[in-house]
Each structure stands twice: as structure tokens, then as C-alpha cells.
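J.: Each number in the numbering used here comes from the position in the sequence shown (counting from 1) with 324 added on.
Honestly, the hints are just simulated from the structure, not real lab data. Hints may contain errors.
[Unchecked claim] Below, simulated PhoX-like cross-link-like pairs (lysine-lysine); rule was C-alpha separation at most 25 Å, straight line:
1) Lys329 x Lys383
2) Lys371 x Lys422
3) Lys377 x Lys422
4) Lys379 x Lys422
5) Lys383 x Lys422
6) Lys329 x Lys367
7) Lys381 x Lys422
8) Lys371 x Lys381
9) Lys375 x Lys422
[Claimed, not checked] Derived Cβ-Cβ restraints for the label pairs, each shown as a range:
10) Leu354 x His437: 29 to 37 Å
11) His398 x Arg342: 27 to 35 Å
12) Arg432 x Asp390: 39 to 47 Å
13) Arg342 x Cys391: 19 to 27 Å
14) Arg342 x Asn421: 17 to 25 Å
15) Ala438 x Cys391: 45 to 53 Å
16) Arg413 x Arg378: 43 to 51 Å
17) Lys375 x Gln403: 39 to 47 Å
18) Gln403 x His425: 36 to 44 Å
The beta carbon of each residue, even a glycine, is placed where N, CA and C say it ideally should be.
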Amino acid sequence: MKIDKVYIEQFIRTKVEREALTDAQIARLLHVGASTASHWRNKFHIKPADKFKRKFKEKYGPDALDCFDMLRQHGATLQEIANYFGFSREYARQVHNKLYHGSYSAYRRQRTHATILTSHKAHRASTSAVDQGQHRRQSGQTSHV
325 MKIDKVYIEQ FIRTKVEREA LTDAQIARLL HVGASTASHW RNKFHIKPAD
375 KFKRKFKEKY GPDALDCFDM LRQHGATLQE IANYFGFSRE YARQVHNKLY
425 HGSYSAYRRQ RTHATILTSH KAHRASTSAV DQGQHRRQSG QTSHV
């Protein structure tokens, strides 16, 4: 039996990278053993699929990742996220690290810093506008602010 290496590589790469299938699942589709599918995947230098997102959606619902992201963006604490999904705060921290490849506390610090910079710039801009209006009034010009 002749095997088309290019087709096999493209098939395995698609199934691993887009669908996050395991070696056993790919093996079933190709009607070969799991060790054969694993061997081919390794031979083509394809890393195993990160199954976490798929499994998380299977367990907590198809929109679970979107909900987690929305809660995170709206400033929910890890405890609030944990309560929403019904798991522990520690597991919420682990899920965050797995999904976003960084700690939640670092994310919060970065958000807080960005908020402070934005509010500081807005304050400086409004202060500058007020100062310009006062300067006009002192020089006898009318202000249309």
C-alpha cells in the first residue's frame, strides 16, 4: 500500500492544530493504531494538540471560553469567576494561566496601570483646556468653552 506523505502530514496537521484531536482520535480516522499516528505526528514535527480549550468547552458549555473572557475583561475577581462556573478560586487561576499564558495578578496590574495612565492623560488634557480658558478671560477675550 502506497502512502502519500504530503497528504498524511497535511491531514494530521489540520486535525491537531485546528480541531485539537488526540493521536488516538486521528488513528481512528486513518484506521491505524495510535502508536502509528503518534509516530507520523512526531516524524512531521507536529506538536501534540492542546486539548484544554476543547475539554473546557465540553465540560462547561460551548460559550464557556467567551464567558470566561468577558468576566475577565469586566474586571471580575478570580473568586467571582470561580463562583460563576462553580469551581474553586485556585482552579480559576489555573484556567486563566492555561488560557492566557500568564498570571491573573500580572494581568490585573497591567490593566490598573493602563487605567491610571489613561485617566492621568485625560486629567492633564482637561486641566490644559481649563487653563487655556482662564488665560483667555484674563487677557480680555471671551471664551466659548
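J.: Can you name, in rising order, the numbers of the hints this structure does not satisfy?
T.: Numbers 1, 10, 12, 15, 16, 17 and 18 - these are the hints that the structure violates, sorted from lowest upward.
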